[in-house]
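These protein sequence lines are chains A and B, in that order. Following my numbering, the numbering of the first sequence begins with 1 at its first residue and continues without gaps. Following my numbering, the numbering of the second sequence begins with 1 at its first residue and continues without gaps.
Keep in mind that the hints were calculated from the coordinates and are not lab data. No experiment lies behind these values; they were computed from the predicted model shown. All C-beta atoms in this analysis are idealised placements derived from N, C-alpha and C, irrespective of residue type, glycine included. Incorrect hints may appear among the rest.
[Said to hold, decoys possible] Each computed BS3-like pair below joins lysine-lysine, with the alpha-carbon atoms no more than 27 Å apart:
1) 44/A with 71/B
2) 83/A with 62/A
3) 62/A with 78/A
4) 104/B with 62/A
5) 62/A with 15/A
6) 104/B with 11/A
7) 78/A with 104/B
8) 44/A with 17/B
9) 44/A with 1/B
10) 71/B with 62/A
11) 44/A with 71/A
12) 71/B with 104/B
13) 1/B with 71/B
14) 57/B with 83/A
15) 57/B with 104/B
16) 15/A with 71/A
17) 62/A with 44/A
[Stated by the list, open to error] Anything over 10 Å on all C-beta distances counts as not near chain B; from chain A, calculated:
18) 4
19) 53
20) 55
21) 74
22) 109
[To be verified] Pair ranges (Cβ atoms, derived):
23) 96/A with 68/B: 21 to 27 Å
24) 72/A with 17/B: 46 to 52 Å
25) 12/B with 16/A: 20 to 26 Å
26) 41/A with 55/B: 26 to 32 Å
27) 74/B with 71/A: 31 to 37 Å
28) 70/A with 13/B: 45 to 51 Å
29) 17/B with 71/A: 28 to 34 Å
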Amino acid sequence: EAGVAQSPRYKIIEKRQSVAFWCNPISGHATLYWYQQILGQGPKLLIQFQNNGVVDDSQLPKDRFSAERLKGVDSTLKIQPAKLEDSAVYLCASSLGLAGVSHEQYFGPGTRLTVT
Amino acid sequence: KNQVEQSPQSLIILEGKNCTLQCNYTVSPFSNLRWYKQDTGRGPVSLTIMTFSENTKSNGRYTATLDADTKQSSLHITASQLSDSASYICVVSAVGNTPLVFGKGTRLSVIA
Numbered sequence: 001e002a003g004v005a006q007s008p009r010y011k012i013i014e015k016r017q018s019v020a021f022w023c024n025p026i027s028g029h030a031t032l033y034w035y036q037q038i039l040g041q042g043p044k045l046l047i048q049f050q051n052n053g054v055v056d057d058s059q060l061p062k063d064r065f066s067a068e069r070l071k072g073v074d075s076t077l078k079i080q081p082a083k084l085e086d087s088a089v090y091l092c093a094s095s096l097g098l099a100g101v102s103h104e105q106y107f108g109p110g111t112r113l114t115v116t
Numbered sequence: 001k002n003q004v005e006q007s008p009q010s011l012i013i014l015e016g017k018n019c020t021l022q023c024n025y026t027v028s029p030f031s032n033l034r035w036y037k038q039d040t041g042r043g044p045v046s047l048t049i050m051t052f053s054e055n056t057k058s059n060g061r062y063t064a065t066l067d068a069d070t071k072q073s074s075l076h077i078t079a080s081q082l083s084d085s086a087s088y089i090c091v092v093s094a095v096g097n098t099p100l101v102f103g104k105g106t107r108l109s110v111i112a
């Protein structure tokens, strides 16, 4: 079974530039998550999709971050404009259903973003 | 506030030795607790998941324990190997569709 795919793996941009990350979840997984993981911290949920609808985006900085999952499969996360504090690893995860009911989350390798 | 605290923050052990990592949580109402292993530059990978009624679960050389009364969990690694070097993250889920609560992780280094 193929895992969660993410690209790019690494990205370096200057502050105030824009960047986009792509995620392809495991086939058949209805739920997709984007996490931000700052060095030395645990992942922080940014947004959760159930199929193509948003379930939770309460911690997404909506003034600069946006995400979409138009066809209920792939997803993109965009930052515009980037700030220095956005430097982190952005993890995508997917699960069959909702994680709160013991559905396992499977994580991708992440995209390491460095903002200079 | 739902929180997960892990200790120690980092740990260095010799290859072949055992070690135990700790996790305390305040998440309520409790649904399940997971331990993840995160290698450098990789995403977290699940090691174990335990519900309220389970107090021990093993996955090879990894054994997790759960005391739901004291809201504590531990991850015991037996006969450590160099490949065990990673961050180990404790994650707790509350009942219902609420975000998972992640600890900051314990950074384990196994040296020869």
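Going down the list of hints, with the structure as the test:
no., hint, in the structure
1, 44/A with 71/B, "22 Å, holds"
2, 83/A with 62/A, "14 Å, holds"
3, 62/A with 78/A, "10 Å, holds"
4, 104/B with 62/A, "25 Å, holds"
5, 62/A with 15/A, "17 Å, holds"
6, 104/B with 11/A, "24 Å, holds"
7, 78/A with 104/B, "25 Å, holds"
8, 44/A with 17/B, "32 Å, violated"
9, 44/A with 1/B, "15 Å, holds"
10, 71/B with 62/A, "35 Å, violated"
11, 44/A with 71/A, "25 Å, holds"
12, 71/B with 104/B, "17 Å, holds"
13, 1/B with 71/B, "14 Å, holds"
14, 57/B with 83/A, "42 Å, violated"
15, 57/B with 104/B, "22 Å, holds"
16, 15/A with 71/A, "31 Å, violated"
17, 62/A with 44/A, "15 Å, holds"
18, 4, "7 Å, violated"
19, 53, "13 Å, holds"
20, 55, "7 Å, violated"
21, 74, "17 Å, holds"
22, 109, "5 Å, violated"
23, 96/A with 68/B: 21 to 27 Å, "25 Å, holds"
24, 72/A with 17/B: 46 to 52 Å, "47 Å, holds"
25, 12/B with 16/A: 20 to 26 Å, "40 Å, violated"
26, 41/A with 55/B: 26 to 32 Å, "29 Å, holds"
27, 74/B with 71/A: 31 to 37 Å, "43 Å, violated"
28, 70/A with 13/B: 45 to 51 Å, "47 Å, holds"
29, 17/B with 71/A: 28 to 34 Å, "50 Å, violated"
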